[in-house]
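For reference, the chains in residue letters:
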Amino acid sequence: MTKRTDNPTIGDKGAEHGQPAAAGGKDGHDGTERRSGQSSANRFVISPRQSASIVASTIFGVGVLTLPRTTTEIAGESGWLSTVLGACLAMVPMLFLSLLARMFPGKSIVRLGAELFSPVRRIWIGKILILPFLSLMVAYWTATTGMVARIFGEVVTAAVLPRTPVEVIIGTMLLTGFILVMHDIETVARVNEILLPLIVVPILLISLFSYQSARLDNLFPLFAVDWMSIMRSSLTSTAAYLGFEVFTLFMSHAEPSRAMVRANLTGIAIPGFMYTLIVISGISVFGVDELKQLVWPTLELVKTTEMPGLVLERTESLFIGVWVTAVFTTVGTMYFTLTMLLKEMLGLRTHRWIALAMLPALYWVALRPQNIKDLFDWQDITGNYGSFYLLSMPILFWLIAQMRPSVRRRNRSAAADSGGEGGSRA
Amino acid sequence: MMVRAARRRPYNRCLLRIVAGVLSALLCLALAGCWDRREIEERTSVVAVAIDAVPDRPDMIRLSVQIPIPLKIAGSTGTGGSSGGDSPVKVLSSDGITVLDAIRKLQTQLNQELFYGHTRVIAIGEAVARKGLNEVLDPFRRNPQIRRLLWPIIVEGEGRQLLEANPGLEQIPTVYIMSLVENGVKEGYIPDMNLGNFFIDLSSNCHQPFMLRFSARKEEIAYKGIALFREDKMIGSLDVQETWAIERVRYRENGGPIIFPYEGDSSRMVSLSSEFVGQSSRIRYNNGRVEARIHIQLEGALLEKTFDDMLFKSGRITLLEQNAADYLAAKTRQVIEKLQKRYRADVIGIGGKIRAFHPGIWRRINWQSEFPEADIVVTYSYKLRNTGMEMD
Numbered sequence: 001m002t003k004r005t006d007n008p009t010i011g012d013k014g015a016e017h018g019q020p021a022a023a024g025g026k027d028g029h030d031g032t033e034r035r036s037g038q039s040s041a042n043r044f045v046i047s048p049r050q051s052a053s054i055v056a057s058t059i060f061g062v063g064v065l066t067l068p069r070t071t072t073e074i075a076g077e078s079g080w081l082s083t084v085l086g087a088c089l090a091m092v093p094m095l096f097l098s099l100l101a102r103m104f105p106g107k108s109i110v111r112l113g114a115e116l117f118s119p120v121r122r123i124w125i126g127k128i129l130i131l132p133f134l135s136l137m138v139a140y141w142t143a144t145t146g147m148v149a150r151i152f153g154e155v156v157t158a159a160v161l162p163r164t165p166v167e168v169i170i171g172t173m174l175l176t177g178f179i180l181v182m183h184d185i186e187t188v189a190r191v192n193e194i195l196l197p198l199i200v201v202p203i204l205l206i207s208l209f210s211y212q213s214a215r216l217d218n219l220f221p222l223f224a225v226d227w228m229s230i231m232r233s234s235l236t237s238t239a240a241y242l243g244f245e246v247f248t249l250f251m252s253h254a255e256p257s258r259a260m261v262r263a264n265l266t267g268i269a270i271p272g273f274m275y276t277l278i279v280i281s282g283i284s285v286f287g288v289d290e291l292k293q294l295v296w297p298t299l300e301l302v303k304t305t306e307m308p309g310l311v312l313e314r315t316e317s318l319f320i321g322v323w324v325t326a327v328f329t330t331v332g333t334m335y336f337t338l339t340m341l342l343k344e345m346l347g348l349r350t351h352r353w354i355a356l357a358m359l360p361a362l363y364w365v366a367l368r369p370q371n372i373k374d375l376f377d378w379q380d381i382t383g384n385y386g387s388f389y390l391l392s393m394p395i396l397f398w399l400i401a402q403m404r405p406s407v408r409r410r411n412r413s414a415a416a417d418s419g420g421e422g423g424s425r426a
Numbered sequence: 427m428m429v430r431a432a433r434r435r436p437y438n439r440c441l442l443r444i445v446a447g448v449l450s451a452l453l454c455l456a457l458a459g460c461w462d463r464r465e466i467e468e469r470t471s472v473v474a475v476a477i478d479a480v481p482d483r484p485d486m487i488r489l490s491v492q493i494p495i496p497l498k499i500a501g502s503t504g505t506g507g508s509s510g511g512d513s514p515v516k517v518l519s520s521d522g523i524t525v526l527d528a529i530r531k532l533q534t535q536l537n538q539e540l541f542y543g544h545t546r547v548i549a550i551g552e553a554v555a556r557k558g559l560n561e562v563l564d565p566f567r568r569n570p571q572i573r574r575l576l577w578p579i580i581v582e583g584e585g586r587q588l589l590e591a592n593p594g595l596e597q598i599p600t601v602y603i604m605s606l607v608e609n610g611v612k613e614g615y616i617p618d619m620n621l622g623n624f625f626i627d628l629s630s631n632c633h634q635p636f637m638l639r640f641s642a643r644k645e646e647i648a649y650k651g652i653a654l655f656r657e658d659k660m661i662g663s664l665d666v667q668e669t670w671a672i673e674r675v676r677y678r679e680n681g682g683p684i685i686f687p688y689e690g691d692s693s694r695m696v697s698l699s700s701e702f703v704g705q706s707s708r709i710r711y712n713n714g715r716v717e718a719r720i721h722i723q724l725e726g727a728l729l730e731k732t733f734d735d736m737l738f739k740s741g742r743i744t745l746l747e748q749n750a751a752d753y754l755a756a757k758t759r760q761v762i763e764k765l766q767k768r769y770r771a772d773v774i775g776i777g778g779k780i781r782a783f784h785p786g787i788w789r790r791i792n793w794q795s796e797f798p799e800a801d802i803v804v805t806y807s808y809k810l811r812n813t814g815m816e817m818d
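Just so you know, the protein sequences line up as chains A and B, in that order. Going by my numbering, the first sequence wraps up at 426, each residue one higher than the last. Going by my numbering, the second sequence wraps up at 818, each residue one higher than the last.
In isolation and in its complexed conformation, chain B is listed as follows (with noise of 0.2 Å):
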């Protein structure tokens, strides 16, 4: 009965001896150290990079990398020193044919390796994104320490100038930029467009991707709208105001607050917050166009008017209500007819809607050259609940 002897004799002697000996040959292995140890002072973090087209050399590209001092950044009290005024990053450039080429003649200037786990934006000049980015955004699908996290930025100008710029309100300005995206996420006014979301739109084939735009002057940094793609190439923008209609259509955020002329005279304004409750849409396949009817219900609060009138009059909440309703419907045309006729790109969303929802639909057209043909109308309904600590 082996399984009894096995016990007994647990192990084989001569075995055990053998194997014992591969093993402890195999510690050597271990006196060679790790492959893969960096310490953390050995690597120059990038927190941020910029890709930006080179004047007169259309075949290069020239990347910069904004790279913290560590020395400099202090702690929350001040240790002065060293820091008199001095910026804390400091900004690299290298040009090159293709990203690789530019970060290896990069690496030149350096002393340590450059690490991208910490980067957190990505500067991308507007002349490239309008040359295309297929190419420049390569090496950050496969390179495995680029978070998909990470927000892609179009940058007025120049991208280098995103990074060389500094409001001075946070020590580093890629963490002013990054609080400032991700707060504006979280209020539902910027959308939701890393890196990671950028890859989507650009590989489905139901929307065109986009990009949120930034302008960069020395000691400002300001979110500017979103800048619009045809596949990989930049081909136009829309401001902060006409990104709330994508913002409320296709991702059922709340936009920013809603000013308009209270019955259409502008010596009369009123500011309304906006809060996104529903959405509902249908869509149909009528004489070779796509018909899509969508109704989207906000409600929020009276932030401020100019002018004095009653509010609590019968009917008055109610033309207010009508007003902001209206005024955002007519704000929505305009915004899809520039889809439609000026940039004939698809990002608010019918197509993902049709794809999901009406596969019947889906198959039977080729939504982009469709997309500038089909009959979009956006309706609003608005519900001021709240006036605010003013009686009147």
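Bound conformation, chain A alone (with noise of 0.2 Å):
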């Protein structure tokens, strides 16, 4: 128990030190974890590269198929542009998110935010008033979860299996999220740690592989448009980053460091590298004005690549397979986190129930666009909504963090004597 709550100390050191002391953080969390197997709390610990992958990986979904086409509608061939800006917005609320879970150490966004709320002893308050943040959270995830539901549904069912009822798809979609979010934070981090090189390695091949049909000329002029245009477009380039939000549920697991900090930078930085590589490409390959005529661009731009030596005809199918991946990563932890911020808003012991509850809720959702167009739309709209609140809300709660040093304080020294484990457990 003790040397539990010593890791946020050490952590704490590492950030004077830099890498050796983090790393020495996590060796006396391993002889934690072997210690209180038998007797007390065993709290797994998410390691930096964990906490990476989830952010990488979560963020990586549905969005990279409609891309190069979004961001071209504003910012012509400025697109690729916007897509690197929208990776920098995204990173600043990923980084006071990141400070704030390491102001909070074992504390998620439920508790943090009860706390930041209230005055000192009545923690009530604080939770009736963060409850409308809460709730903002739960709509958008449960909306986010459905619409890549059936994005992956209704791309699945158009570009490989016609036949197939968009409803099968999405269930089962939905239905293997179930089975990942049936397990425990450690599973889901583990999964995503190994999934997203899966995911990352092959899509980033596949990418490179499109530039043999590239024309440079249609990347330029470089800037396009006016520069109101390309900030506009960041703008909405953002809502393809969504996803690092889920970081306020695993925050309570995260390893108080400074690596963790920069490891969920990293989790940005990756699809976000990988965002404009396949923007570029599509760019590229098709000009702005055939980009507007496709659904799908990043599919078809799939399907102008050739592998080298005939290896592989079609290098759709390859990619469709390593996408099924990366939307299960974005679907299983969505899905996780929305479950859990519900078990922790209801204080409940098991988020397994919600978990079931919730299974029908999203199917209904994914169910509600009519056609690919309403679907569209309501991608939008969450998108829109979703990254004006997670832009803005990570910010205001460090703020309201630092206009209150009496709960940072507590926080502290709690965590330096025994107090530190109320944290997460509302």
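No incorrect hints appear here.
Derived coverage of chain A by chain B (criterion: at least 3 residues anywhere in the stretch with Cβ under 8 Å from a Cβ of chain B; other residues may be distant):
(1) 160-166
(2) 207-220
(3) 351-363
As a list, the in silico DSS-like pairs of lysine-lysine whose alpha-carbon atoms are at most 30 Å apart:
(4) B/764 x B/557
(5) B/731 x B/809
(6) A/292 x A/373
(7) B/644 x B/612
(8) A/292 x B/557
(9) B/659 x A/292
Simulated DEER-style distance windows between Cβ atoms:
(10) B/527 x A/176: 34 to 42 Å
(11) A/380 x B/794: 29 to 37 Å
(12) A/307 x B/568: 24 to 32 Å
(13) B/453 x A/347: 34 to 42 Å
(14) A/347 x B/440: 19 to 27 Å
(15) A/321 x B/612: 26 to 34 Å
(16) B/453 x A/222: 53 to 61 Å
(17) B/565 x A/167: 24 to 32 Å
(18) B/527 x A/385: 41 to 49 Å
(19) A/197 x B/756: 55 to 63 Å
(20) A/226 x B/469: 48 to 56 Å
(21) B/557 x A/374: 34 to 42 Å
Source of the hints: derived by calculation from the structure; they are not laboratory data. Positions of the beta carbon are idealized from the N, C-alpha and C atoms, including for glycine.
Two chains, two frames, some hints: make the complex.
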């Protein structure tokens, strides 16, 4: 118990000394786990690498299929620039979330928010005040998980399985996600960690191969539109980076070190890099005018790609195979954080009942859009509101934390002696 | 401490039962099998499609498909038996008001479902192309089976002729066409105009699209240059040599050999190979007129000459190079003239250059109306690097 709560302190030292101390912190954690296996609290700590994987693979999902079109709609040939700026923009709230995680070790957004919003001894006031924020997140995650499953279904029916009803595809994806959600946080973290390279490497390869039919002329003029349009397009492309907000729940298990902050930013940089590569290749292969005609530009991009030596004639089947994994990590992780959030809000002991209850709800949401146009409208709406809310919320919370040093001090001292474990258990 | 509790009893038993029940009920879904399962022998692969006009029915089109017959496609060693001189492919046709209507009628003649995943050529008869292709190509854009890397080809006369012709060098004639084109593209004398690139040019506002043009007779299939389009309607054509100008100016490709009269004397012919080295262009907007100056550098080897003249004399090689450059410039001038005055269609890629590298000019002009008036001059320089194995 005491050993575990030492961790944050070691981690904090790590912040001063950099890498080695942070590694020491991790070792300490391993020792704890071994010892506490039979005795007291055995809390899984998400390593920085797992944290980065969770963020990266949750972000990387269905957005990539439409990104070349959506970014060039406003920014024209400079669309790739707006994906870069969008990634930078998404890093801001991620940074503040990570800082909050360091300030409040062992606490998720539910507990942390309640403490921020309440007077010293009346935590219930904070719990009530935080409710609107949390319900917004519940709504957002429900909508997004449903939409992701639906887009997955649409693409699979449109591209590979034309006869399979979209309901079945959505259902199987949600069920697979459900099976993941029935496990606990450690499993989710490890699944993300293992799957991330399996997603990144093939998709990186495929997008590099697609450069063979690129025409560089299509990328020019570099600054086709004015700065306002580029900024506007960056804001919309931030929606493609949503998914980082799952950290609001995972933060209760994050290692409160500087390495974690860096890892989380890397977690945004990885999809940022892949997105940028894909958008550049989309623009240079198709040109801005043709991109407007394509429903799933990235899929068409893959279809115009031939593997050297005719090893694989239809690269799109490989791409879709990998992409299923990417969607699974998005759906699974979001579904998981959604149930964890509800669990903590309702103060339940296990999230599994909620997972079961949410399954039909998500399925219902996924089937709301009547057609593909409807679906894209829905996606726009959730994306816009989502990015507005999730860009501002972490910054707001961080500012409140800055204005209330007493809360911060209490958390630091709590971490130092023994009260810290009160954290995420509301 | 709830986490600990959950750990000791990882699954709530009641919950576990419900989940197991739901999952096993879902297993019943698997009993129905896979919706999209279709074995390879249950589909009829179409390797080539032809679209033609129907004589005296202007509202209809005729769709033909070329289907390989697996039994007659022998392994490389002859199987003899059934194949006694029969064609290993079958060509079927059907008329319809739209493409899908024709396909529907075609399907009624077939025992298996048509599959377009292996389609490599779309042959389009000139008559349909002149009427406009937007309507007939729409299903090819929509159908996910259709690959963007297939070759759309305009056929002189009827598209069906291309499907019926069989040069006999490959078992499946479509494979022959495909490798003919792909080889040409690789060597740089046939432009890489696949379906995807055609769509791109069709939707861009800086180029007019074009397609490869073929002629087909019973046993002869030949590449004949390109067919020019304005929007989606065919308006004319360029021959093979004229196309090389476009290859060099727009695509920075080699084009084919340069065969020209030495010092303008047509009894003294010289053939040079051509390899693209570099290109520089200068585009300006002067007095309401676009002024484009393009300089292309080529190099190559002497392939043949039909006269005796010592090459290793001072100035001879320079003269030869100068001759080649002048000849190419004159040829290109003719092509540009044709494009500007006769067809008013920019396929030579100047519009793309303006859009990409001179956005200031691009915003001021409407290129479609400006192109015929533009002042475009292409000059060449040629470097002879090699005179072959003959010493003179």
